[in-house]
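Chemist: What follows is the residue order along each chain.
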Amino acid sequence: MLKESISRRTFIKGSVSLSALLGLGAAGTKATKGLIPKAAAKTNGKVEQFYNACPRNCYDTCSILTTVEDGRITFITGNEKNTYTKGRLCVKGNTYPRVVYSPDRIKYPMRQKGRGSGNWERISWDEAYTIIAKKILEIKKEYGSTLPICLNKYSGNFNILNYATEGMLSSIGYTTRAQGTPCDPAGSDAQGFDMGVAYNNDPEQFLDADYIILWGANPSWTSAHSMYFIEQAKEKGTKLVVIDPLITQTASKADEYIQVKASTDGALALGMIRYIIDNQLYDKVWVSQNSIGFKEFSSYVKKNITLEWAAEKTGVPKPVIERIAREYATAKPANIWIGFGMQRHVNGGAMVRAIDALAAITGNIGKKGGGVNYIGGETWGFNYHTMSFGAPEGSGGEKDRFVNMNNFGAQVLAANEPPIKMMWIACRNPLAQDPEPAVVKKAFDQMDLVVTADLYMNQTVEYSDIVLPVTTPFESAGINVSYWHYWMNVNEQAIKPLYETKSDLEIAMGLSKKLNQLELGSCTFPVSGDPLEWVEKELNDDIKELFGVKSWDDLRKNGGTAKANESITVAWQDLKFRTPSGKYEFYSKKAVEYGHHPLPVFTEEYKAPKEYPIRCMSPHWKFGIHSQFQHQDWLMAIQDHPFLEIHPDLAKKKSIKDGNMVKIINETGYMTLPAKITKMVPADTVVMYEGWWKGVNYTENFTVKALQEDMGEYQKGQRGIAFHDNFVNIEKA
Amino acid sequence: MAKKLGFLVNIERCIGCHACEISCKSFYQLEPNMRRRRVTELPENLVGTPVRAFVSTACNHCDEPACKKACPVGAYTKREDGIVVHDQNMCIGCQMCGKACPYGVPQYNPVKKKMDKCSMCYDRLDEGQLPICVEKCPLEAIQIVDYNEVQPSNAVSVVPTFADPSITHPTTHFILPKPGKQTRRF
Numbered sequence: 001m002l003k004e005s006i007s008r009r010t011f012i013k014g015s016v017s018l019s020a021l022l023g024l025g026a027a028g029t030k031a032t033k034g035l036i037p038k039a040a041a042k043t044n045g046k047v048e049q050f051y052n053a054c055p056r057n058c059y060d061t062c063s064i065l066t067t068v069e070d071g072r073i074t075f076i077t078g079n080e081k082n083t084y085t086k087g088r089l090c091v092k093g094n095t096y097p098r099v100v101y102s103p104d105r106i107k108y109p110m111r112q113k114g115r116g117s118g119n120w121e122r123i124s125w126d127e128a129y130t131i132i133a134k135k136i137l138e139i140k141k142e143y144g145s146t147l148p149i150c151l152n153k154y155s156g157n158f159n160i161l162n163y164a165t166e167g168m169l170s171s172i173g174y175t176t177r178a179q180g181t182p183c184d185p186a187g188s189d190a191q192g193f194d195m196g197v198a199y200n201n202d203p204e205q206f207l208d209a210d211y212i213i214l215w216g217a218n219p220s221w222t223s224a225h226s227m228y229f230i231e232q233a234k235e236k237g238t239k240l241v242v243i244d245p246l247i248t249q250t251a252s253k254a255d256e257y258i259q260v261k262a263s264t265d266g267a268l269a270l271g272m273i274r275y276i277i278d279n280q281l282y283d284k285v286w287v288s289q290n291s292i293g294f295k296e297f298s299s300y301v302k303k304n305i306t307l308e309w310a311a312e313k314t315g316v317p318k319p320v321i322e323r324i325a326r327e328y329a330t331a332k333p334a335n336i337w338i339g340f341g342m343q344r345h346v347n348g349g350a351m352v353r354a355i356d357a358l359a360a361i362t363g364n365i366g367k368k369g370g371g372v373n374y375i376g377g378e379t380w381g382f383n384y385h386t387m388s389f390g391a392p393e394g395s396g397g398e399k400d401r402f403v404n405m406n407n408f409g410a411q412v413l414a415a416n417e418p419p420i421k422m423m424w425i426a427c428r429n430p431l432a433q434d435p436e437p438a439v440v441k442k443a444f445d446q447m448d449l450v451v452t453a454d455l456y457m458n459q460t461v462e463y464s465d466i467v468l469p470v471t472t473p474f475e476s477a478g479i480n481v482s483y484w485h486y487w488m489n490v491n492e493q494a495i496k497p498l499y500e501t502k503s504d505l506e507i508a509m510g511l512s513k514k515l516n517q518l519e520l521g522s523c524t525f526p527v528s529g530d531p532l533e534w535v536e537k538e539l540n541d542d543i544k545e546l547f548g549v550k551s552w553d554d555l556r557k558n559g560g561t562a563k564a565n566e567s568i569t570v571a572w573q574d575l576k577f578r579t580p581s582g583k584y585e586f587y588s589k590k591a592v593e594y595g596h597h598p599l600p601v602f603t604e605e606y607k608a609p610k611e612y613p614i615r616c617m618s619p620h621w622k623f624g625i626h627s628q629f630q631h632q633d634w635l636m637a638i639q640d641h642p643f644l645e646i647h648p649d650l651a652k653k654k655s656i657k658d659g660n661m662v663k664i665i666n667e668t669g670y671m672t673l674p675a676k677i678t679k680m681v682p683a684d685t686v687v688m689y690e691g692w693w694k695g696v697n698y699t700e701n702f703t704v705k706a707l708q709e710d711m712g713e714y715q716k717g718q719r720g721i722a723f724h725d726n727f728v729n730i731e732k733a
Numbered sequence: 001m002a003k004k005l006g007f008l009v010n011i012e013r014c015i016g017c018h019a020c021e022i023s024c025k026s027f028y029q030l031e032p033n034m035r036r037r038r039v040t041e042l043p044e045n046l047v048g049t050p051v052r053a054f055v056s057t058a059c060n061h062c063d064e065p066a067c068k069k070a071c072p073v074g075a076y077t078k079r080e081d082g083i084v085v086h087d088q089n090m091c092i093g094c095q096m097c098g099k100a101c102p103y104g105v106p107q108y109n110p111v112k113k114k115m116d117k118c119s120m121c122y123d124r125l126d127e128g129q130l131p132i133c134v135e136k137c138p139l140e141a142i143q144i145v146d147y148n149e150v151q152p153s154n155a156v157s158v159v160p161t162f163a164d165p166s167i168t169h170p171t172t173h174f175i176l177p178k179p180g181k182q183t184r185r186f
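Those protein sequences? They're chains V and R, same order as listed.
So in the UniProt record's numbering, spot 604 of the first sequence is number 604, and the numbers just go up one at a time.
So in the UniProt record's numbering, spot 169 of the second sequence is number 169, and the numbers just go up one at a time.
Calculated from the structure, these hints are not laboratory results.
This list has only true hints and no planted wrong ones.
No more than 25 angstroms apart at the CA atoms, straight line, and that leaves these computed lysine to any residue pairs for SDA-like:
1. Lys114/R with Asp633/V
2. Lys676/V with Pro179/R
3. Lys113/R with Asp633/V
4. Lys654/V with Phe186/R
5. Lys676/V with Pro43/R
6. Lys679/V with Val159/R
7. Lys318/V with Thr183/R
8. Lys234/V with Pro177/R
9. Lys234/V with Glu140/R
10. Lys239/V with Pro179/R
11. Lys178/R with Glu327/V
12. Lys234/V with Leu176/R
13. Lys654/V with Arg184/R
14. Lys318/V with Gly180/R
15. Lys234/V with Val156/R
16. Lys261/V with Gly48/R
17. Lys679/V with Pro177/R
18. Lys694/V with Glu41/R
19. Lys46/V with Gly128/R
20. Lys236/V with Pro177/R
21. Lys234/V with Gln182/R
22. Lys694/V with Asn33/R
23. Lys86/V with Tyr122/R
24. Lys261/V with Glu44/R
25. Lys107/V with Ser124/V
26. Lys261/V with Thr183/R
27. Lys652/V with Pro43/R
28. Lys679/V with Leu176/R
29. Lys653/V with Thr183/R
30. Lys663/V with Phe186/R
31. Lys239/V with Asn45/R
32. Lys657/V with Phe186/R
33. Lys261/V with Phe186/R
34. Lys496/V with Gln29/R
35. Lys178/R with Gln232/V
36. Lys679/V with Asn45/R
37. Lys236/V with Leu176/R
38. Lys239/V with Leu176/R
39. Lys181/R with Glu322/V
40. Lys234/V with Asn154/R
In isolation and in its complexed conformation, chain V is listed as follows (with noise of 0.2 angstroms):
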């Protein structure tokens, strides 16, 4: 028998080596004749393939391959070319059959008799538009505007094409809109502040990086393609190292991982800095090409920054702080990936700017393979036509009225002259996912009409008024991009729509003729249209040039997906910086006009109160996207309930076994779930993940306070949610 061993290397060498391995001559993994063989053996009716594009708010943001066999999609998986997503999805997108074919599925338009009550009676679409369209105009004549209207929108779906929810707001009239965003804001600010603008280098460049630094970042379960990068990059000998406050499923995988203080990593980066400015070991070319303000960075450090301190601070011992710097600053590139959980804090954007500036220092801005990676958004020039209508002639108001996503509730209950009295939810589940979930229903309570578009009964739709049953991505058009990788993804409608359902884009034109047909001109959305063209539209000569594309159809003919030109693919490899110097600014005016330190300093973390001593984080989850997939059976039959994550040794002195209910309060609410006993949370932290789970009456939200991050303003008009210093006090229940 041959003897070989198989290493690491060769076991992912592909379907070359596994095809000599079990001698299967042709085999690999492409389709035969552009269909895969199961579509084109499995049926003697017609078999069709179309592309799509996973528009949840997500990293990955795939491109889809969905088989069609007699109108009815039969497999759904990753489409081949495009090279991040690989021809595979993730376990979420994998099940995009059950979303498209659930049971739970809203079917009709719906009225609720007794907002809550589960009083439900199917109404059509003619009685839906009118009902709203007859409170739009009543509110418009007692009020003199549309400004008590409230549009709470926001990720759900990502299709461009789905701005025109936001499109035929703006077309009736000013409004309220719920501005800001729960995710990015206080690192989005920083990387503002410190270079513009937030722009990060394409993900698959992992490849090309010498050491990587995972930052509270978790893309096993959050970017499983991303991972897939990261671990290629791990064989060839790039060191991977995770800093996070929990052994997560990616820290399991580091070679390398370092358990910091939660909200103390600005001081963990600070420390690195300045064991690498005492050695001499920052590029010195760089920050005085590059950079202003280094000198006054370089001596706030001096003065404020000891290594002793950062090791206090953050539960890192002094030696592995240096060994971190010292291999950090002498790799070449070294790629760092700030996750958005590090800085849903209340020193979130301070941390971002320390964990910054030493990448500056070390000169691994604007270097392929290199960066410090967060978010970026270059590749979403579209024309957001559907968005371009504008207000009426004699609505009434002057613009626009802006409430904080993050604190909703309580800010559309203060909103006075006008009050609000309907609200709009499409792509969004706020009674699920926003803080204080009490306070936002008590939100809606003041409402004369609440009208919500999903897909699902779920919270927030169980506390509306009319719920609007909405499309797949599979039933409708579109086009996506994504805030990390660059490319551009079809979406092209594979099946009839299900049931009564329609796409945001045509209930904007369905309820823009009714108000027409009520008060005409009262409405500045067109009353109909192709999606086709609508689609087209978004396309302009600068996008079309990036992509390398002619029009939306000749990408839908050519493999449904594009990337973009390379030379945006480095983030800042011109080095012309979008700060109003132009460099990279260590010292930010911008900072100050906001209200911040000019200087990317050690802000101190929130402190859990005497009577609620326990930090309760709820990270992402990785059968979910907010509200999004856990709740579908083919989940549900791997796990069916929520949990929470207990350190055995802060179980044991709660006595508290695994598997026991456990009740977690403090003062903005409680609840009571079973206990997971791990070693993977630290002893003075438990992890409850997000989500919304069928037939469960809570939400990880429970008792999460409106408290805000330090940033946001300046790149997302509003501040963010600290949503991971939220503490709590544990008890068997």
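Assemble chain R onto chain V, guided by the hints.
Modeler: Using the frame of chain V, we list chain R on its own:
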């Protein structure tokens, strides 16, 4: 020489995401609770330092398949290449195979009233394609190996949660993760 095809599961690479399991469920349009492949959490002290580790298993296409022995109607065959095939047309749904398999692989499909299990996608293999779970794993952590040709020296035949291989001689092998360095506060 006959082949001995089996899965080689790289736990070092596996991120426990279940994409293998769900892509299989999707491709074969299985009932929501049917799981031809399943991902199991391993003890967190598997490699010494605490980590999140998972193992993905399906049918182990055993050398001495207990399902085949237990089946009263001969619905199971073992192909020349080692793949254990269950013929659902012959199956009477008595569930004896499910009880006999130390890994609990054959599952009862209450809709079809038949047993169901992983076929290693033999029809795809016969056409030169890879099994769906192998092709769709985002981390390329599952491989098919002809164990008559290759004996990977870094592979093991058992991991915690996996039944004693001496009973049915499963062909599945595993590559264990290597522990990384950790600086922990607790």
